[in-house]
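*Asks:* Take a look at the letters that make up each chain.
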Amino acid sequence: MYTLIYGFINSIILALYAVGFSLTYGISGIANFAHGAFYILTGFVAWNLLNHAGLPYCVSAILAIIITAAFGFIYYWILILRIRGIALAELIVTFASGVAILEFLMWKGFYGIRYSLPLFLKGGVEFFGVGIDYQRLFVILTGILFVIALYLFVHHTKIGLAFRAMAQNERTALSVGIEYDWIGSLSLALGSALAAISAIVILPLGMMESTIGIEVLIYALAVSIIGGLESTFGMIAGSFIIGFGQVLAARYIGPKWMIIVPLSAIILVLAIRPSGIFGKTKELEERV
Amino acid sequence: MKREIKKTRKKRLDRGIKARSDTIYVIASLRDIFYLIMPRFLPVLILILIPLFLGSYHKKVLIHACIYGLLALSWDFLASCGLFSLGQALFFGFGAYVSGTLNHYFHIPPSFTIPIATLGGGALCALLLAPVVRLRGVYFAMITLILPILLIKMIDTTGIFGGTHGISSLSAFPHEYIDTYLAIVSFLFILFLFRRVLNSDYGLVLMAIKDDDRAVMSGGINIYWRKIQAIFIAGSLGCFAGALITHHYQFLGISTFALDYSILPIAAVALGGQGTFAGAALGSMILVPLSESLRALGGLRIAIYCLILILSIISLPEGIFHFLSRKYHQFETIEEV
Chain L
0 MYTLIYGFIN SIILALYAVG FSLTYGISGI ANFAHGAFYI LTGFVAWNLL NHAGLPYCVS
60 AILAIIITAA FGFIYYWILI LRIRGIALAE LIVTFASGVA ILEFLMWKGF YGIRYSLPLF
120 LKGGVEFFGV GIDYQRLFVI LTGILFVIAL YLFVHHTKIG LAFRAMAQNE RTALSVGIEY
180 DWIGSLSLAL GSALAAISAI VILPLGMMES TIGIEVLIYA LAVSIIGGLE STFGMIAGSF
240 IIGFGQVLAA RYIGPKWMII VPLSAIILVL AIRPSGIFGK TKELEERV
Chain P
0 MKREIKKTRK KRLDRGIKAR SDTIYVIASL RDIFYLIMPR FLPVLILILI PLFLGSYHKK
60 VLIHACIYGL LALSWDFLAS CGLFSLGQAL FFGFGAYVSG TLNHYFHIPP SFTIPIATLG
120 GGALCALLLA PVVRLRGVYF AMITLILPIL LIKMIDTTGI FGGTHGISSL SAFPHEYIDT
180 YLAIVSFLFI LFLFRRVLNS DYGLVLMAIK DDDRAVMSGG INIYWRKIQA IFIAGSLGCF
240 AGALITHHYQ FLGISTFALD YSILPIAAVA LGGQGTFAGA ALGSMILVPL SESLRALGGL
300 RIAIYCLILI LSIISLPEGI FHFLSRKYHQ FETIEEV
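Chains as they are written, first to last, in numbering that gives the first Met the number 0: chain L, 0 to 287; chain P, 0 to 336.
One thing to keep in mind: the hints can contain errors.
What the hints assert, rightly or not - Examples of chain L residues toward chain P, derived with CB under 8 Å:
| # | residue |
| --- | --- |
| 1 | Leu-78 |
| 2 | Phe-94 |
| 3 | Glu-102 |
| 4 | His-154 |
| 5 | Ile-217 |
| 6 | Ile-252 |
| 7 | Lys-255 |
| 8 | Pro-261 |
| 9 | Ile-265 |
Unchecked claim - Every beta carbon over 12 Å from chain L, so not counted as near; a handful from chain P, in silico:
| # | residue |
| --- | --- |
| 10 | Met-37 |
| 11 | His-57 |
| 12 | Gly-158 |
| 13 | Asn-221 |
| 14 | Ile-262 |
Claimed, not checked - In silico SDA-like cross-links for lysine to any residue, where the CA-CA straight-line distance does not exceed 20 Å:
| # | chain 1 | residue 1 | chain 2 | residue 2 |
| --- | --- | --- | --- | --- |
| 15 | L | Lys-107 | P | Thr-100 |
| 16 | P | Lys-152 | P | Thr-100 |
| 17 | P | Lys-152 | L | Gly-84 |
| 18 | P | Lys-209 | L | Gly-84 |
| 19 | P | Lys-152 | L | Met-206 |
| 20 | L | Lys-255 | P | Arg-294 |
| 21 | P | Lys-152 | L | Lys-107 |
| 22 | L | Lys-107 | P | Arg-294 |
| 23 | L | Lys-255 | P | Ile-151 |
| 24 | P | Lys-152 | L | Cys-57 |
| 25 | P | Lys-152 | L | Leu-262 |
| 26 | P | Lys-152 | L | Gly-244 |
| 27 | L | Lys-255 | P | Arg-39 |
Think of the hints as simulated: they come from the structure by calculation, not from any bench. Glycine residues also receive a C-beta, built at the ideal position from the N, C-alpha and C atoms.
Excised from the complex, chain P in its bound form:
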């Protein structure tokens, strides 16, 4: 008797539009152009148009999503050169405190404090973390985890910069659309900028540092200096997010160093997929509205992010974005073997 075992497998074929590499395409028709442009153009269009239709509460959620998105992008940028930070809150808090104190004590308007906080805060972060770039992996993570928490305690106990109560009534943006669009546009700009940078020679070096730093060293490149630059870039981005949210809420407090700002960006990247920035952006756009809808649960919210984080790392290690892009770029058929 013949035993029949039906075996199937998935057959994956790239769409014909791709020629040899990930970035070179053969375009033969208008349909191909749309196929390529739509996944980039549609999200941008939606993000730019959506604030016009939203109420003020949902606009705040959107701003939050963009802010967390910026932090997630900054995390992803650091991770792509092998520096795993557990403390995006450090960058965020630095930005918030630089801009907030400048505004409160020296009455500088937001149009100056935000750029100053972005660059100055980034420089401060780079300076603070410069000795640590020699250490890799767990050590860098440990230090970035510990610094914001110690800074919270320091501000809490010594009472500098408003102490536990924080500083309120900072200058606001002149119009509510300005902060919304500032957040959205900078988020989109940074997303596409980082994608471009990582494909350039500069980004190539950064990724090489992650893969094999000895090899990069033997190529005559000062990896520590590159890492410091990467921290400066990522730090500036985090500081920008912090400065923006400080002026948005017109309030500065130790909550800017809170664990939320460290955990959620990492969760967003883990959910979306690491290494492409689009994954980080997608992850934060999913997680932040989700977390807003979970707000009723109070403190359990962070526990739920953590569970999402763990589950997504264990069950879908590549992340949603990689999964979707594979589905989009490849035909998948099931055939018998």
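So that you can see chain L by itself, here it is in the shape it has in the complex:
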């Protein structure tokens, strides 16, 4: 039971890591390698608002999410716009800016025990004999809400439909009046906002460190590689495979083997189905 519950929680956490990355890539084709940096930047902003500006926790959390989303939006107009369409340059610029943010935070001394966000609610509940704290319940709740909200958003709102149109065919979308850069920047803002919300929910579980940014990016990439980047279902499945695999490995082999799980899963998936478990085979050669 322990394995089942904690595997589930771990999987949800991984899915939260990956959702923003996968969404941005799916809509606009920008692989945002600065995703992990945005994630940890949110934590940093929230911490500063909380401890230096003296705002209440919920206000600073919401402000941090808004700031990160705005940052993603501006980031598009300042940097990405100039190199849009050149895959190599997009890759290098997003990756380099991500590393720059992380290294800057590291240089500012952003690590250690005092940098941690408080829990929303202290305490926990007993569930089939396994204790779960409220924060982890929040994580599960957020994960489920994300899936529902995203589904409703992309299927029933105008911007969501524009997103899907963009994902399906850029030129046709352009011809019916959906502006390319506008949607691209909004998708980046949405991806950053998702990263920020995940950060606010997940970060109180542990310490904040700028190296977590890289970890988030790795897991987001691992999940996308395993599940296939195009499909949301693949993303969820990928996070469940890694999530349960890690908890099982930690329980039955030893905690230090946790990291082997994503590595071996990636190598296995690549050897058997390079396009990911739910990536469509047809698109194997389209995966640019």
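Following the hints, complete the assembly by docking chain P onto the known chain L.
*Replies:* Structure of chain P alone, referenced to chain L:
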């Protein structure tokens, strides 16, 4: 009233020495010969002579510049066939670990471990990345980014090959000039070799794969096999660099998989200009001494490379080398329109 608007434009003229293509020249005098040879000969001469005048610290900087230069060349080679790697550290680390473990556990001298690490490491990289060559662009980059980081964590947590502490007191080179010159000569050799290879038929196919892989496929060429070969070549080069630095420092650790070795070569290529190899070499010769002088800033150093990288991609996308070579090969005059 007549309004006068002064408009100027830049007029560019090729020097008369060039006949039709980039590689065929008309040479009419000794001056022409010097004009052609000097940009190739002078840097070589300077690089070969300079270690004689440098102290041991600056010699280390020079070795570093050559090592990063090799990694940048290897990156540029992969990029010229359409494989964008974010993890040169993977190659570097493989080379370092193969040579280091061979030396430590089996006591094989560096004169054997370096060649073994070069070829064996390259083969390992090619084997590891072989399934991925079907994927292009972002996917290849994602996988090359993720592998070295996961390998660091694996070595860190399982403690194999010395774990976090690494393995020290490996065999050194017999004389300090040997590693310096090994680095310099191999760097120059690879630079000119790659330039030559890319102009040959083999290189033409590789560049065609980057431009349009379907067309190459329809020409009856197995592009996956070619890509694997390219990974082997680039991987061997990276492994050679790793093996060299391991024996130079007589130390093997997880730092060989660090992000520095992935970021700096890319920054060097972006600064110098992609596609000609000379740009990669020039970029690393500029960036590495610069980064050494920034060492006092500590962790901010990598942030600064990243900024240089972003700025150079956005503001000077062609790179320094292309810019300089244009200035060198063309007359530029400003004339009124």
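*Asks:* The structure should be examined with respect to each hint, and the outcome stated for every one.
*Replies:* Hints and how they fare:
{"no.": "1", "hint": "Leu-78", "verdict": "holds, 7 Å"}
{"no.": "2", "hint": "Phe-94", "verdict": "holds, 6 Å"}
{"no.": "3", "hint": "Glu-102", "verdict": "holds, 4 Å"}
{"no.": "4", "hint": "His-154", "verdict": "violated, 26 Å"}
{"no.": "5", "hint": "Ile-217", "verdict": "holds, 6 Å"}
{"no.": "6", "hint": "Ile-252", "verdict": "violated, 11 Å"}
{"no.": "7", "hint": "Lys-255", "verdict": "holds, 4 Å"}
{"no.": "8", "hint": "Pro-261", "verdict": "holds, 7 Å"}
{"no.": "9", "hint": "Ile-265", "verdict": "holds, 7 Å"}
{"no.": "10", "hint": "Met-37", "verdict": "holds, 32 Å"}
{"no.": "11", "hint": "His-57", "verdict": "holds, 26 Å"}
{"no.": "12", "hint": "Gly-158", "verdict": "violated, 8 Å"}
{"no.": "13", "hint": "Asn-221", "verdict": "holds, 14 Å"}
{"no.": "14", "hint": "Ile-262", "verdict": "violated, 6 Å"}
{"no.": "15", "hint": "L:Lys-107 with P:Thr-100", "verdict": "violated, 37 Å"}
{"no.": "16", "hint": "P:Lys-152 with P:Thr-100", "verdict": "holds, 18 Å"}
{"no.": "17", "hint": "P:Lys-152 with L:Gly-84", "verdict": "violated, 34 Å"}
{"no.": "18", "hint": "P:Lys-209 with L:Gly-84", "verdict": "holds, 16 Å"}
{"no.": "19", "hint": "P:Lys-152 with L:Met-206", "verdict": "holds, 19 Å"}
{"no.": "20", "hint": "L:Lys-255 with P:Arg-294", "verdict": "violated, 34 Å"}
{"no.": "21", "hint": "P:Lys-152 with L:Lys-107", "verdict": "violated, 24 Å"}
{"no.": "22", "hint": "L:Lys-107 with P:Arg-294", "verdict": "holds, 16 Å"}
{"no.": "23", "hint": "L:Lys-255 with P:Ile-151", "verdict": "holds, 13 Å"}
{"no.": "24", "hint": "P:Lys-152 with L:Cys-57", "verdict": "violated, 35 Å"}
{"no.": "25", "hint": "P:Lys-152 with L:Leu-262", "verdict": "holds, 10 Å"}
{"no.": "26", "hint": "P:Lys-152 with L:Gly-244", "verdict": "holds, 17 Å"}
{"no.": "27", "hint": "L:Lys-255 with P:Arg-39", "verdict": "violated, 52 Å"}
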